Structures are given as structure tokens and as C-alpha cells.
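Whenever a hint applies, use it, and build me the whole structure from the sequences.
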Amino acid sequence: MTLLPRDRQVRAGALLTVLVVLVAVLGPVAAPYAADELVGPAYGAPAPGAPLGYDYLGADVLSRVLLGGRSLVLTTVCAAVLALLAGATIGMLAAWTGRLADRAVLWCADVLLAFPHLVLVLLAVSMLGRSRPLVVATVAVTLLPGTVRLARSLTLGVMRQEYVEAARLLGYPRRRILFREILPNVTTPLLVHLGAMLTWSAGLIAAMSFLGYGVAAPAADWGLMVNENHGGLRIQPWAVLVPVALIALFALGVNTLAEGLGRTVARVEEER
Amino acid sequence: MNSQITRRGFLGGAVLLGGAALVGCAPDAQRQQAASPGTLQDGTPRRGGRLRLGVVDGDRAGTLDAHKPLTIGSIIRGFAVYSKLWEWNAEMNWSPALAEETEANADATTWTVRLRQGLEFHNGKTITADDVIFSARRLTDPALGSPWAALLFTLDRERIDKVDERTVRFHFKDGKGFVPFPDTFTNFGAIVPVDYDPAKPVGAGPYKLKEFTPGQRSLFTRFENYFKDGQPYADELEIIDFQDEASRIAALQAGQISLANGIGADQVRLLQGDPRVSVVVSQTSNWQSFDLNLSKEPFRDERVREAFRLLTDRKELVERALSGHGRVANDLYSPQDPTFDRSIAQRPYDVERAKALLKAAGQENLQVELVSGEGGDAAALVFAAQAKKAGVTVTVKKVDAATFNGPRRLDWTMSTGGLLTESFLSSALHLDAPVSAANKTHFSDPRFTELFEQAITQPDVARRAELVHEMQRIQHAKGGLVIWGFNDALDAVSTGVGGVVPEHTQFATWRFEKLWVKETT
Amino acid sequence: MSRPATGGRGRWLLRRVAYGATAVWATSVVVFAATQALPSDPAMAILGGDATPESLARLRLDLGLDRPLWQRYLDWLGGVLTGDLGRSLDSGTDVATLLGGRIANSLALLLLALSVAVALALALGLFAALRRGGLADRVVTSTAVSLQAVPGFVVAVALIVLLATTVWPVLPAASLLEPGLSPFAQLHYLVLPALTLVVAETPYLLRQVRSSVVEALESDYATAARLRGVPERRVIWRHALPNGLVPAVQATALTTGVLLGGSLVVEVAFSYPGLGGALNAAVGARDIPVIQAAALLIAGGVVVVNLLADLVTVLLTPRLRTGES
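Chains as they are written, first to last, in numbering that gives the first Met the number 0: chain R, 0 to 271; chain H, 0 to 520; chain C, 0 to 324.
Everything labelled a hint here was simulated from the structure, so no lab data went into it.
None of these values were measured; they are calculated from a predicted model.
Check before you lean on any hint, since a few could be wrong.
[Said to hold, decoys possible] Partner residues aside, some chain H positions facing chain C, computed with beta carbon under 8 angstroms: (1) Gly61; (2) Pro141; (3) Ala148; (4) Ala149; (5) Ala249; (6) Gly272; (7) Lys396; (8) Asp399; (9) Asp459; (10) Val460; (11) Ala461.
Every residue, glycine too, gets a C-beta built ideally from N, C-alpha and C.
Following this line, the structure appears as C-alpha cells:
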């Protein structure tokens, strides 16, 4: 782990991620107004005291930007981590158990993959209403099949390794083999996959917000801001472009970080 | 998507059009025009060309059925294909169209209608009394299941008499009078031939259907024997469905369409600097409200209702939710109706009194859920911020149109609402009359009911006005509608189209017979 | 997917098709169940808030809502198998007619966008892989990552302002396709939506191509080939590129799947009459026959595309193996 800061890509990625997360976490302290305070004209242009202007109802865009990161970052991270935990567990167990269970899991993953993402979101939101847990769950379910397949194939690869075969032949307890031998060996690629998932997750949440299926107002949220103000993109662009840029930077940072980490770890292993 | 038009034109799925006074009224509002005046009425109408109107119809594709138009797009298409006995004039009063003369008897228990001479359908068949009877019976046929049949609930469909080839006499159930017959029959009472087939719709409107692709577009050609001489002007009319307001506005600016009806108020600023487009502003009496459910706590208490009315900053709502394109309202509908009581004072904005009332009612830390339908959320959010100032926590719950109008539609404790311009009686029929099917506020007052029963059989305006004034005082004091504003109808029109004139209706771009395409050089 | 045993390719294909069919069937069950569980009564959703109990009852009877669930499912499935998708609740039109034109439009857009995106991804991915670690690679890769995070509608609005309304108005802002005419006969309507999709989908494909080509270039056999004195150019064309193709095929399949139902944002932004928009509107209007048909079509499309991708992969693999030796 001492190698980490030396990799330039990791450093750049970490810096970006930390920067965006800082805005998200510390923003609420610095926000001059509350999320639902209407202080200026609707779609008002930037003015002294409101450097980013006002949104479609007249709330201060800067305040909503500062307040709206926490929920987006949290939603994105929760969805990706949930998909990782559930997907890895299911995929590993499927590979480990093999036979019927494995086939059943693969089949379910394929059904989920064939199931149009859009339908999933539309039906889920129509049935259960707009809420943050639902956004997290929907995005996690969308990311699940890919993760299951990846975890499964990684586990199968590791299981074919000689030392696992040996451990089996030596009659080590199954749990021990799973946790001591297999888990450490699939962790790194799965973590890299987490980086990619965070990017997708941010993109999906932004798209859901655009279609009006994200977090509900008056809560401040970068994704929601994009939806609320998209009609005025040509009148007051800041209310849309600033949250979009922050989402993009967050995705870029996390992704760069994950890929860099993956590379570094791979290098370390090689050097070993 | 989250379109503005849905809110302005098609309030929560309840398309309620028109309505008028029996005698001409003169609304004090001035006609006005927003951008580049002088480009609209210049020149004489010219024949030829194709009119292209872009509509945003929520998630619906709609139909062409004469008596079952369920979406704003379908209603607009109906304006092209069908003609009615009456039509709405620019002041939102009815005047004869296919009818030459219409008359109610002294207690409005019968209405007699005589058709003009020599009227024709698109297929060349002459329009007769039989067609009128068929049309009225079809609209109210339970087997057709038109939701608009409810508006004519009192029409006795077994007693529509053919007086002669051109004259029909209508009777009402139990021999009762029904003053708002033209109001309620005009909107959805398209006159169609006795052999009408909704799959191949034939009417007597200014344009004949050529092609209909649901959810995409419809194409019409001029009806040469339209009953208004010399009209319509354009060779063809195309109505194009858009899913997104921003896309429709861009198409208008790029010259792909020439008309966009009922645009979102926030889009006006975008168009103001554009020399290719002008925005026509029509001041209407289309209203926006928050509906309080009187059958539920906390709104059973009159003091809480009053407090909610007082803490509503109507001016701010008009400014923010309507981008300033509207007027403040006083919890009463139909100000264009000659029976409207103008002596009732405007309710002030008074947070302190609202707080005191809430305290007296023991509701100091009140929490209420405000359900907003498609497009109603801007007003709801502004109201939530206002309520906070009086110590009331309002949680806005946005639901889609299908849920808003679904099985729970009468259960919402508080919800967004509104209606297009209608006469007083016809609005009451929708909302708070004893027979209303959509009484979201559960308003029920014995004296109000009694007055309503009298007013509906009183064709004399002065005498009816007395009754209505008392009804309005009851509504103003005890009702459940917090009517905060009237919104303007905003139409965007390409400079290449003539004949769009501001009115006191939302019909400026739907009067297809009057619109014409200017020569393109 | 399991690789075919030598000689059993036909049986493998058959098994694969049957497998895909079960997935589509499962989707049909889920979609049907979900549409039945939607809140609000379809009759009310259609007739609106002013409908009387009588007209609602009438419509419910017409819709067969009084019959048991399993019976409705079987009827629907039987209809689908015999090519009858039912009638739209909203417009009353035959669902097959309603969706037919839209499927053609969606496919045309998909083909156009994908062919450009794949070509671009291959070229840029290869370019970046050959200069891996260098400035050019970094610029290409980080541009790709950032673009991936820009919502499609922002790209759409930017393109509209640039090329349709304000800066350089040469293309139509809205894709008002003439119904009944082939979308390829009105290509000018396809340019902006396709361009938006290209911007949205190329980054993912590009990164897949880049990473697999890099992997191939750094693989043992590539090193071995170099040691044998094979020229670098030949190493790239014979070894690296074909190996980069396999993941690219799979990635293309995944993208196609996403685009089949997910180009909704683009369809909305350009008023493009495609399948995604029809589906979105149908959910909003609770137009159940249309939801079911569109969802099933998309699911079927995804399965077919994955099948094709697997087939292509299988066809590519033996050739690659001979290249390896």
C-alpha cells in the first residue's frame, strides 16, 4: 500500500474524488441559504450574492449545489456498494456450489440483463413512488447481473488454481477455503469493477433524474437539479451545468482512482 | 415528461373546457401581446400552404372519437374535424355555430335548436335534425362510456324531439330545468352523421382527416364546403405530437412547426428575443388551486382552512409558478361569468393572522402532505416554502397523472387542482355541486345545494346572479378550494402565420378556420 | 456462455436459442405481473378524473379486467404467439401497427449510431492502446471517462443549439419523421439523434477496445512473437487487433441492449418516434398492452443480440487460436 501515492493516476483520481466529496460533505456548512428558500427571481441570472444565479423557482443555485452533493454521492456509492456486495456474494456462491444453483443464478442474471432497464425503472417508480432507497435499489439491481457474472467467472478461475485444488484435497473446511483462499484473490478485480460501477451508477442516477424518477423535491440533489432546470438550460445554464460538471468530475475521479489502484495492485503482485 | 403544457392545458387529467355566460360579459382585462407586436394581424388572409401545430400531450397518444376526446391533443384535433351547435367566442361566451337559433323556455325545461340551411358533412351528406339527435344520444350513450356524458347527466336522451328536418327540442330528466345546456353540450357535442364510424371520422369541421398516426402526427386537408364562407384558408393542417416542451420550442425556432399552443410560461423569455416567433398572450379565467379535503383532519376545522388561505402569498405564486403570466385570484372561480359577485373583498396575505388561527385551532405544529399532479409541483413547492413561514410543514408528494386521477383521487388530504374557464354553474357541476363526480374537497353545504338547485333552472341572469352571489359567499367563507391564481394562455406563433389574435380563451391557435399561411419569399 | 464442443456447434446453437427463449418467457411473466401490480385502475387512468362509475365499469368490462389473472396472462401469451399484440387502451389502435413504424425507426437509429460508434471506438481505442501511458492515451481516456458521465440530454441540447437553432442552423431540431416512409429515406432527421448516441456510447466501447488491445499487446504470445522477430506492425494486425475484437463484440452487444430500450432520453430530446418513447408514454398512460408488447420486444431484441454476439465470438475464436500458434 505504500506504493499508492507514487502512481500519478492514483493521485489525480484521489485528488478529484476527495475534492468533489469535500464539496458534498462540507457544502451544507457553507451554503448561504436553505434548500427550499426562495430568494430571487425564477431563472434569475447570476447577481452579487448569488454567483450562480437562481433556479426555476428562484432558489439560490449555489446553495442547492452545496447542499445537493451529499445525497448524490451517498446514493451513487450506496447503489454501487450494494450491487458489489450482493453480486459478489451471489456470484461466488454460485461458482462454489456449482451445478443447478450455478445454472439458476446465471439464468436469472440473463433474465435481468434482458429486462429493459427503462422498464425496470419505470415500473418500480410507478409502483413504489419516488424515494431515495428505491433509486438505490433500482440502480443496484441494474448493476447486479454484470457483477454476478464477473464474480462467478473470477471465482471459477481461482478455483481452478492448484493451491485451491490442493486445499480441497487436503480436506480444508469449505468456509476456510472460500474466505482464506478465494476471497482475497477476487477482491482486487472486484474493487476495480466497483470503480466502473460508480461511474455507471452516477450516470444512471443522472438519467433517472432527467426523466423525473430520482429524488423528490424540495430536497437539494445534483441529479434533481438537472431535471428541475433542464427546461431553462438555454435561459439560466448554470443551474444545470454546475451540477452536471460536478457529477462528471466525481465519476471521472472515482474511475481514475479505481483504475489506477487496480494497476498498482497488479504491479505489486507482479513484483512479488 | 415534465411538461408545462400538461399543467396549463390539461389539469390533472380533468379536461374541462369552455363554459360561458348566457349574456355577453365584458371582462375588464385588457388584451395584450408579449413579443414583436404588429406581426400578427397584418395583411389579408391568403389561401394555400400548410399550417403546422405542435402539441405536447403528456404521455397520451389520444384518439379521434368525436365524443370521447380524453386528452388535450384529441380535443385540439376535434376542433379541426368537428363542428358543434355552438362555439366559444373570444370572450368565452357561447354563440351559435351550426345552429342558426337556439332558445330555452321560461324555466329552461326545454331547449329548441334550429340548424342553418344547407349544412354539409365532409362526405357531402346534408346535416339534419336526425344527425343532431344521433350525436346527442351517442355522447350520452352508456355503452360508449364517454366520461363527458356526466356533464349532461340531466339530459333526457329518450326525449329528444325532431320538430322538423332542421329543428330539435331537448328535454331534461324529471322535467327539470337546465340552464347550462349549451355550456355543457358545446365542448364535447360534436355533430356527426347517423352512420358515424370513429375509425373513419366524418364531421363538419374546417378540415377533413387525411392521415392519423397516434402519438406522432395527424394530417388534414381543407373542407371546401365548411359552413363559414371562404374559410378555412390553408390547404393543409398538420398536428404534430411532441413529448418534450424544450424540443417543441426548438422545432418552432428552427421553422419545423409554425404554431405551439399553451407553451410553458418559463419558455417565454427564451422566445422574446427571437425575430422568427411571437408570443400571443391571452388572459383567461383558467384557474389554479390547492384543494383542501373537508372530510379529513385538519381541514374539518374552518379556522385551519382560513389560515391556509391567509398564509398563501398569491402574488408570489403567480410570480414564481406562472413566471408572472397570470393574475391573483380570490378563492372563487368564473370571474368572467356575469353572475360573479365582484363585491367580495380580496383575501389578504396575512401570516400573523394565519398563525393566530392555527393556534386557536390547536394546530401549531401542523404537518400536511400536499399531493401534486403532473406539472403542479412548482406551485406546490412555492406553497410549501410559504407555509413554513407560518410554522406549517407541508410535504410535497409528486405523483404521475395516472395515480393522481386514480382510485385514490378523492382521498388526498390536500392536492393541487384547477380548471379551464367555465361558466359558474358548469364549474360547480364539475367540482362542488351536489351532483359533481370530481368533488375533491368533499364540499357539501345544505344551503349551497338548495341555491344550486334553484340557479340551474333560472335562465334570467339578474335573478340567477342573486342566487350565485349567495353561493359564492358560502364558498368564499367555508369552501375547500384555495384558488390562488388565473393563468394566461401563452401561444407561440411563427411570423409566417396570420390570424392568431389574443382572446380571453385558450383557443387562439385552435381556430383553424381563421389561421392562414403567409407567402414565403 | 459455454463454449461449443467440436462438432456440436449445431446442438450448442439450439441449446443457446432455447435458453434465450426461456429468458424472454421469464421477462414476459415479470412484465405481465408488474403491469397488473401498477397502482391505479387502468380504466380510471384512461378516462380521467371526471368519469362516472358507469363509464368506468363499462371500460373495465371491455378490458376484461373482471377475469382472473392467470386467464388474462394465458390469453395475452396466446395472442403474442399468434402475432396478435392486442389494442392500445389509449388510442384504440392495433399495437402491432402502433409499434411497427417505431421499431423500424429505433433500429435505423441504432444501426447508424452503432456503426459510427464502433468504427470510432476501434480507431481511437487502438490509437490509445498503441500510445498507452503517453499523453495522447491519457487525453483520449480521460475525455472518454468524462464524456461517459455527461447526461445524454446535455449533449442533445448542446447539439440542438449548435446545429439546429442558434449557432449554425443546418439540421432539423426535432426528428419529425414522415410516418410510412423509411427512416433511411429521411436521413437528415437521424443525424443529430445518432450523433448524440455516438457521443454517449463511444467512450464505453473505446475503453473496452483499448484495454483488451493493451492486454493483447502485453500478453506472452505477443512478446514471444516479437522475440521471434515478427515486425511490430504484424504483431498489432495479426495478434492485438483480432484479440481486441472479441471483447468489443461483447461490449457492442451490451451497448445494443442498452440502446434498444434506453435511447429514451434521445428520443424525448429530439421528439424521435422510437420504441423507448412509446414505452415511457405507455407506462405514464397505463396503456398495458403497449407496455407489455414493447417490453417483450426489447427483451427479445436483447436476447437475440446477445445470441448473435456469442455466435460471432465463437466464429472468431478458432481463427484467433490459429493466429496464436
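Status of the hints after comparison with the structure:
The interface hint given for glycine 61 (chain H) is met, as the beta carbon of that residue sits about 6 angstroms from the closest beta carbon of chain C, less than 8 angstroms. Proximity of proline 141 (chain H) to chain C holds as hinted, the smallest CB-CB distance being about 5 angstroms (cut-off 8 angstroms). The criterion of a C-beta within 8 angstroms of any C-beta in chain C is met by alanine 148 (chain H), whose closest approach is roughly 7 angstroms, and the hint holds. A hinted interface residue such as alanine 149 (chain H) counts as satisfied when its beta carbon comes closer than 8 angstroms to some beta carbon of chain C; here the least separation is about 5 angstroms, so the hint holds.
Contact between alanine 249 (chain H) and chain C, as hinted, is supported at the beta carbon level, the nearest pair being about 4 angstroms apart and thus within 8 angstroms. Interface hint at glycine 272 (chain H): violated, since its Cβ lies 11 angstroms from the closest Cβ of chain C, which is beyond the 8 angstroms cut-off. For lysine 396 (chain H), the interface hint is violated, the least distance from its beta-carbon to any beta-carbon of chain C being 13 angstroms, above 8 angstroms. A hinted interface residue such as aspartate 399 (chain H) counts as satisfied when its beta carbon comes closer than 8 angstroms to some beta carbon of chain C; here the least separation is about 6 angstroms, so the hint holds.
Violation of the interface hint for aspartate 459 (chain H) is found here, the shortest Cβ-Cβ separation to chain C being roughly 29 angstroms, above the 8 angstroms cut-off. Annotation: valine 460 (chain H) was flagged as interfacial toward chain C, and the flag is violated, the nearest CB pair being 27 angstroms apart, outside 8 angstroms. With 8 angstroms as the threshold, the beta carbon of alanine 461 (chain H) stays out of range of chain C, its nearest partner Cβ sitting at about 31 angstroms, so the hint is violated.
Checked against the numbered hints above, the structure breaks hints 6, 7, 9, 10 and 11 and satisfies the rest.
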